[in-house]
Amino acid sequence: MIENIQPKILKRAFATIVDYGIFYALIFFLINQFGVISDDGSKSIKGIEALIIPVYWFLYFPVCEYRFSSTLGKLPFGLKVFSEDGKQITFLQALKRRIIDPIDLFTYGIVAFLAVKFSQNHQRLGDMFANTIVIGGEALRCINCNTKLYIEANEIIDNSYTCPECEYNGKVKA
Numbered sequence: 001m002i003e004n005i006q007p008k009i010l011k012r013a014f015a016t017i018v019d020y021g022i023f024y025a026l027i028f029f030l031i032n033q034f035g036v037i038s039d040d041g042s043k044s045i046k047g048i049e050a051l052i053i054p055v056y057w058f059l060y061f062p063v064c065e066y067r068f069s070s071t072l073g074k075l076p077f078g079l080k081v082f083s084e085d086g087k088q089i090t091f092l093q094a095l096k097r098r099i100i101d102p103i104d105l106f107t108y109g110i111v112a113f114l115a116v117k118f119s120q121n122h123q124r125l126g127d128m129f130a131n132t133i134v135i136g137g138e139a140l141r142c143i144n145c146n147t148k149l150y151i152e153a154n155e156i157i158d159n160s161y162t163c164p165e166c167e168y169n170g171k172v173k174a
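Reading the sequence shown from the start, the letters are residues 1 to 174 in the numbering used here.
Any given hint could be a false lead.
Stated by the list, open to error - The following label-pair restraints were derived from C-beta to C-beta distances: (1) Pro76 / Phe28: 14 to 24 angstroms; (2) Pro164 / Ile22: 13 to 23 angstroms; (3) Lys148 / Leu59: 20 to 30 angstroms; (4) Asn144 / Pro54: 27 to 37 angstroms; (5) Ala25 / Asn169: 26 to 36 angstroms.
Claimed, not checked - In silico lysine to any residue, SDA-like type, Cα no more than 20 angstroms apart, as pairs: (6) Lys171 / Met128; (7) Lys46 / Phe61; (8) Lys171 / Cys142; (9) Lys8 / Asn144; (10) Lys46 / Val36; (11) Lys46 / Leu26; (12) Lys87 / Ile110; (13) Lys11 / Asn32; (14) Lys96 / Asn144.
Keep in mind that the hints were calculated from the coordinates and are not lab data. Virtual Cβ for every residue (Gly too), placed ideally from N, Cα, C.
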């Protein structure tokens, strides 16, 4: 049996940095290209044009997580978002888990770190609110032949894996 399979906090942190790096890069680009120069020389987007920022947030985070169970930041780390029952998340769940983002952002990730570190299912507050979990991306070795394996989310949810080398059926305990 393989024990303690959960996404590493560091992987989740890097995934978040990538996601918000993409988010802020586009915002910077939009402000630089379409912003109006104010009296102090800075640029800003005002009025109806400012709605592009929450619309972009809404399209990127909840839509990606609903449609692909992941974001561009999570993909390189093999992380995926699932409902606590192991099914694909609904759009409402994707939206609910992101509504809590301001708490994570305004506390510089400290609340998110503590929640993931100490909650039973390693969930952020947004995950707890939406009944979702982030899993996957863990490298393990088969206990029968010692082949390096990458456990997928469905294998964690099913609590089992099959080694492609020796066809050993092992158990996974999250």
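Evaluation of the provided hints:
1. Checked against the hint of 14 to 24 angstroms, the pair Pro76 and Phe28 passes, with Cβ atoms roughly 22 angstroms apart.
2. About 33 angstroms separates the C-beta atoms of Pro164 and Ile22, a value inconsistent with the hinted range of 13 to 23 angstroms.
3. Between Lys148 and Leu59 the beta carbons are some 37 angstroms apart, a value that contradicts the proposed interval 20 to 30 angstroms.
4. Hint check: Asn144 to Pro54, Cβ distance near 51 angstroms, so the stated range 27 to 37 angstroms is violated.
5. The hinted window of 26 to 36 angstroms between Ala25 and Asn169 is violated, with their beta carbons roughly 45 angstroms apart.
6. A C-alpha spacing of about 26 angstroms is found between Lys171 and Met128, which places the hinted pair above 20 angstroms, so the restraint is violated.
7. Using a Cα cut-off of 20 angstroms, the hinted pair Lys46 and Phe61 is violated, with the two alpha carbons roughly 23 angstroms apart.
8. A hinted pair counts as satisfied when its Cα atoms are at most 20 angstroms apart, and Lys171 with Cys142 qualifies at roughly 10 angstroms.
9. A hinted pair counts as satisfied when its Cα atoms are at most 20 angstroms apart, and Lys8 with Asn144 does not qualify at roughly 25 angstroms.
10. As the CA atoms of Lys46 and Val36 are separated by approximately 8 angstroms, the hinted pair is consistent with the 20 angstroms bound.
11. For the suggested pair Lys46 and Leu26, the alpha carbons sit about 16 angstroms apart, so the restraint of at most 20 angstroms is met.
12. Annotation: proposed proximity of Lys87 to Ile110 is violated, straight-line Cα distance about 29 angstroms (limit 20 angstroms).
13. For the hint linking Lys11 to Asn32, the alpha-carbon distance of about 31 angstroms lies beyond 20 angstroms, and the restraint is violated.
14. This hinted pair does not check out: Lys96 and Asn144 have alpha carbons roughly 42 angstroms apart, beyond 20 angstroms.
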